[in-house]
Amino acid sequence: MTMETTRIHPLPVRIAHWVNALAILLMVASGWRIYNASPLFDFSFPKDLTLGGWLAGALQWHFAAMWLLAANGLLYLAYGIGSGHLIRKLWPISPKLLARDLLDALRGRLSHADLSVYNAAQRAAYLGAILLAIGLVLSGLAIWKPVQLYWLAAPMGDYEGARLLHFFCMTGIVLFVLVHVAMVILVPKTFLTMITGRLKHG
Amino acid sequence: MDSKLEKHAGPLLESVERRLFLKRGLSLGALTLLAGCELTEDEGVQRVLTAMSRWNDGAQAWLFDPKRLAPEFPESRITKPFPFNAYYEEDEVQVVDATDYRLEVSGLVREKKSWTLPELYALPQVSQVTRHICVEGWSAIGKWSGPRFSDFLQRIGADLGAKYVGFKCADDYYSSIDMATALHPQTIMAFKYADQVLPPKYGFPWKLRMPTKLGFKQPKHIVALFVTDQYPGGYWEDKGYNWFSGS
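These protein sequence lines map, in sequence, to chains A and B. Residue 159 in the numbering used here sits at position 159 of the first sequence; the count goes up by one each step and never skips. The numbering used here runs 1000 ahead of the 1-based position in the second sequence.
Hints in this document: simulated from the structure, not taken from any laboratory. If you're wondering where the values come from, they're calculated on a predicted model, not measured in any experiment. In this text, a Cβ means the ideal position worked out from N, Cα and C, and glycines have one as well. Incorrect hints may have been included.
Calculated pairs, EDC-like style, for lysine to aspartate or glutamate (alpha carbon to alpha carbon, straight line, at most 20 Å) [unchecked claim]:
#: 1; chain 1: A; residue 1: Lys145; chain 2: B; residue 2: Asp1178
#: 2; chain 1: A; residue 1: Lys145; chain 2: B; residue 2: Asp1065
#: 3; chain 1: B; residue 1: Lys1143; chain 2: A; residue 2: Asp158
#: 4; chain 1: A; residue 1: Lys145; chain 2: B; residue 2: Glu1136
#: 5; chain 1: A; residue 1: Lys200; chain 2: A; residue 2: Asp104
#: 6; chain 1: A; residue 1: Lys145; chain 2: B; residue 2: Glu1041
#: 7; chain 1: A; residue 1: Lys47; chain 2: B; residue 2: Glu1041
#: 8; chain 1: A; residue 1: Lys47; chain 2: B; residue 2: Glu1136
#: 9; chain 1: B; residue 1: Lys1143; chain 2: A; residue 2: Glu160
#: 10; chain 1: B; residue 1: Lys1080; chain 2: A; residue 2: Glu4
#: 11; chain 1: B; residue 1: Lys1067; chain 2: B; residue 2: Glu1136
Quick partial rundown of chain A residues pointing at chain B, CB under 8 Å, derived from the structure [as the list claims (entries may be wrong)]:
#: 12; residue: Ser38
#: 13; residue: Ala64
#: 14; residue: Pro146
#: 15; residue: Gln148
#: 16; residue: Leu152
Interface residues of chain B toward chain A, partial, derived using beta-carbon atoms under 7 Å [claimed, not checked]:
#: 17; residue: Ser1053
#: 18; residue: Asn1056
#: 19; residue: Glu1136
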């Protein structure tokens, strides 16, 4: 039996997606353990949700996985910009389109009929996630090297400002992941397409 | 899957798929997190993490600009009180006797003599108001004064091409740094804190102050230093903290 398929996620995007998922998991779990060593706010993360066992272990994970996150992110951006994939998928985003799609989403009327095209809410969310990841890497570099990369740390409010920014970008990414995974659970076939890259038309 | 069947059973299949996915997703998540602790202790994983930490030493040495100065602050920005931090509690601080004190100098140096406090105090001093950043994440601004460590290394005829300078402390702490950081203009032998003789809790008679490294790299109560090409390690470094730990 023949079945029509549409190719919606090119292979480089799928590889980058899953490598990124692993890198983000490692960075967030170890980052929470690092946060717990000197909490910025009046709470700590549950130790069972953290990685590394203690501060030194968490730092080892964090500073190892950062290379994975950064290298994968750079390759993804180079591919996405070079091939036109990013602009094709994530543009246009206008406040008007976004407001319409968000309202539709709240009414439960947002269409997922064509998974190869993102609606404005998805475009905004995915672009937001990319910007948050860039913010995480830049603020992370500023915390890691507040002297050598002072030009980077200074506009963020020096070391302590970069620390806060790093925390808020992390919060943004975690919220994105929660919504993202909830959406995949609501529309499970999107999970398979990120593995096979293809969408079946039955 | 047969597409005809799928069409009829679509909604049902989708809900089964959804449940399966949820279940798998949750167990994968739980597995990852539960494994987190044991994962780090696994010998193979630990080898990779240690290798990455050595790689990061190299990356940081490459990033380190020997001429780039850490930002300095007005005295109004000084953190009061400046936090105490050590591998023991504040009531266990070592009180080094000033009259008996000798700084032992050894290794790849021309003049292997020991120094008394009056001899050390006689060296020309500079001051800095800089940010101290702890490996835990917090930071505090303080004022330290003392001779430039590079001047002292030249005075004792140290081999400035050697790789490391190691330190031994009265409180059994020990650490080591790269020669590039040792020669940095803001690396000083801090004999004073806030214009007063360095109090015991901050490392009397002196600590090595480096605004280009994390707090734990800055040994206090130093009683011996040596210049060497053999990697000397350190108290926290040997337990897994990154050796270079530069800012």
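Here's how the hints hold up against the structure:
no., hint, verdict
1, Lys145(A) x Asp1178(B), "17 Å, holds"
2, Lys145(A) x Asp1065(B), "11 Å, holds"
3, Lys1143(B) x Asp158(A), "18 Å, holds"
4, Lys145(A) x Glu1136(B), "15 Å, holds"
5, Lys200(A) x Asp104(A), "25 Å, violated"
6, Lys145(A) x Glu1041(B), "28 Å, violated"
7, Lys47(A) x Glu1041(B), "16 Å, holds"
8, Lys47(A) x Glu1136(B), "16 Å, holds"
9, Lys1143(B) x Glu160(A), "18 Å, holds"
10, Lys1080(B) x Glu4(A), "70 Å, violated"
11, Lys1067(B) x Glu1136(B), "27 Å, violated"
12, Ser38, "4 Å, holds"
13, Ala64, "4 Å, holds"
14, Pro146, "5 Å, holds"
15, Gln148, "5 Å, holds"
16, Leu152, "12 Å, violated"
17, Ser1053, "6 Å, holds"
18, Asn1056, "5 Å, holds"
19, Glu1136, "4 Å, holds"
The structure fails hints 5, 6, 10, 11 and 16 (numbered hints given earlier, in ascending order).
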